[in-house]
Amino acid sequence: MSKILVVEDETAINRMLCMNLDIVGYETAAFFDGRQLLDYLAAGGRADLALVDVMLPKADGFELLEPLKNAGIPVIYLTAMGDLDSKLRGLTGGAEDYIVKPFEMLELLVRIDKVLKRHGRADGIIRLDGITIDTGRRTVFRGGENISLTPMEYDLLLILARNRNLAMSRERLLREVWGTDFEGETRTVDVHVAQLRKKTGLVIVSVPKIGYRLEADQG
Amino acid sequence: MKLRNRLIIGTVLISAAALTVCCTLLLRTSRAALLQSAADYTRQEAGQLIIRFSSRVGGMGEDLSPSMRDTAMQYYFVQESVRSASDSEYVLQSDTAVLYNNSGVDPSDLRTIAGTAASGTDAAASVLKTGGKMVAAASATFLSGGRSYVVSVVRDLSGIQAQLRGLAVKCILISSLITLLAAAAAAVFLKRSLRPLDELRENAEAIAAGSYDRRIGTARRDELGILADSFDAMAGAVRGHIREVEAASEARDLLLHALAHEMRTPVTAIRGYAYALQTARLSQEQRTEAIGFIGSESLRLSRLSEKLAGLVGLDHVSVSASETDLPAWKAHLAQLLKDIPGLSFDLPEKGTLAGDPDLLTMLVVNLCENAAKAGADRIEVRFRDGVLSVRDNGCGIPEDQLELIMQPFYRGDASRGSEGFGLGLALCSRIAQVHGSRLTVHSVPGTGTEFSVDLYSSFTGS
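As they're listed, the protein sequences go chains A and B. Take the first sequence: its letter number 46 is residue 46 in the working numbering, and every next letter is one higher. Take the second sequence: its letter number 257 is residue 257 in the working numbering, and every next letter is one higher.
Hint data in this document are derived by calculation from the structure and do not stem from the laboratory. Misleading hints may appear alongside valid ones.
To be verified - Heads up, simulated SDA-like pairs for lysine to any residue below, C-alpha to C-alpha not over 25 Å straight-line:
id, chain 1, residue 1, chain 2, residue 2
1, A, Lys198, A, Thr150
2, A, Lys117, A, Glu176
3, A, Lys209, B, Arg271
4, A, Lys209, B, Val267
5, A, Lys209, B, Thr288
6, B, Lys338, B, Arg300
7, A, Lys87, B, Met263
8, B, Lys373, B, Arg281
9, B, Lys170, B, Val12
10, A, Lys58, B, Ala274
11, A, Lys209, A, Ser169
12, B, Lys133, B, Glu89
13, A, Lys87, B, Arg271
14, A, Lys117, A, Glu104
15, B, Lys373, A, Asp9
16, A, Lys58, B, Thr447
17, A, Lys58, B, Leu26
18, B, Lys129, B, Leu35
19, B, Lys373, A, Leu88
20, A, Lys117, A, Ala30
21, B, Lys133, B, Cys171
22, A, Lys114, A, Glu145
23, A, Lys58, B, Lys133
24, A, Lys58, B, Ile291
25, B, Lys129, B, Asp87
26, B, Lys373, B, Glu323
27, A, Lys87, B, His257
28, B, Lys373, A, Ala167
29, A, Lys117, A, Lys198
30, A, Lys209, B, Ile291
31, A, Lys3, B, Arg281
32, A, Lys209, B, Ala274
33, A, Lys3, A, Lys114
Let the hints inform the model, and build the full structure from the sequences given.
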């Protein structure tokens, strides 16, 4: 379970981020100023990634980069300042990425995913609703029983699992799994989803006007 | 410079015309005088000739025949003529014949001249033109032995003509020279006199191009000097207005920039929650939370834009000094501020408030709310001697922040993430300004703060 630190002083945004990350299956910890985060790190706290707002009371967002790097936690900056200087400052300092408010939640999730993968922090083992997915070996188990999936089915399952509880469009699924993006062929997605449902027993709902959503809780 | 050229040409023309007239008159009178004196001289010469000639032929007998007489006269005349030292030509004629004429002049003309003499034996002179040249001719009638003879003297005036021509040429040369000098002098003089016009043009161009500090600064007191002064005054006024406009525009830009910036936060939250509501599987709790936040953040956005509209709108407001009854105002304030802890009033029992009641209400409410946020539990609203003030015992404001706090969107560390946007004090400041006054602040960190506006001076015509 990847753990993500959310360091943001605006309550509304902090809660919003935690909620969305939570839904997708990340473990979150919220901080409302730099001091709180430093205390957490000093006490030996660890995580797989940190989302840090650049403008914080009691500490400049950039000042926190050093301690986080020392703790081995990659950083994505959130900021309202879109100017080039800040961007460069952030990125050359050693942050992984930089996103400007207001942003698309979806985009942030994708970037988080990329950073985690890059640092090998993406979940090796994914557990949901009694199913265990071993991404290292590309195996899927329910209980002790192996579930046999075709490569396409497995990839589809993986992407739905990684974005659990979030609706994803057919086009995106097609693109990510099959690497193609053309109309009409989304029927392939429908067929494979039906197969997955049958084989794994997972709840994959069809969300009108959006796409598919794998609904599951942790474990 | 067309004006200058026109003036120079005018000078040249006037001077040329004047000189022409002068020279013409000069030449004409000279000519007349010269010719007259030549004629007189010739007449004198004729007179003397007659005297000499008559003394020579006086001894001739009375009984000579006409033809004999004529011949004799001719003989003596030729002698006289040859002996004469003068350049003139002599002419002798009788009633019937021309006895001696080497002059080239028609003898009948000479006879006519003789006819014009004052008395019978006087000489008369005239100027004649014959065969392309001018001569002075004098004639007199001479009687001898009952016959009349006309004796004439003819003098060639070519010399005089040449003289006159020479004079004319000199006149023309001198006139031309004078005209040229006049033109040159006019050019120089005008160049200097009209230089301010050039400066005026340069300055006008510079101002049009954007450098509003250029001035002519002349010490002259003539028409051009006055024009230059007026121009400088105008340039000063233009610069003043431009600065005002620029300042207002800058202020507005800052405000808009700040607004755009401040909007990002609530918008980010709203978008994030909307996304979750649309795509994610949420528990009832989560859904409620999401919707709740969307509501409160939207409210925040709308209050933000209202406050900004207030600030921007005040630019165009001219405040009327209306008179609000003080007790009524106190009651109104008390109602608005009923949730403010430890609030008290120090207002006169009777009297009126000089100022825009709505704006001043906004000001007081803002200041009280700020005080409450700063942790005060005793807040006093006071209006004495024309000064409106709000005093609190809150946490105070450090000295280095006193100036900053009046700026839009400045919040100071303490209130980040709270309800305020940092616009309240900027608004109060603007309200004070619009009343012709200033919002002043006095604060001791840890003890309290006092904000005040002096309304007295602004409305009592000081």
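Hints violated by the structure (numbers, ascending):
8, 10, 17, 19, 22, 23, 24, 26, 28, 29
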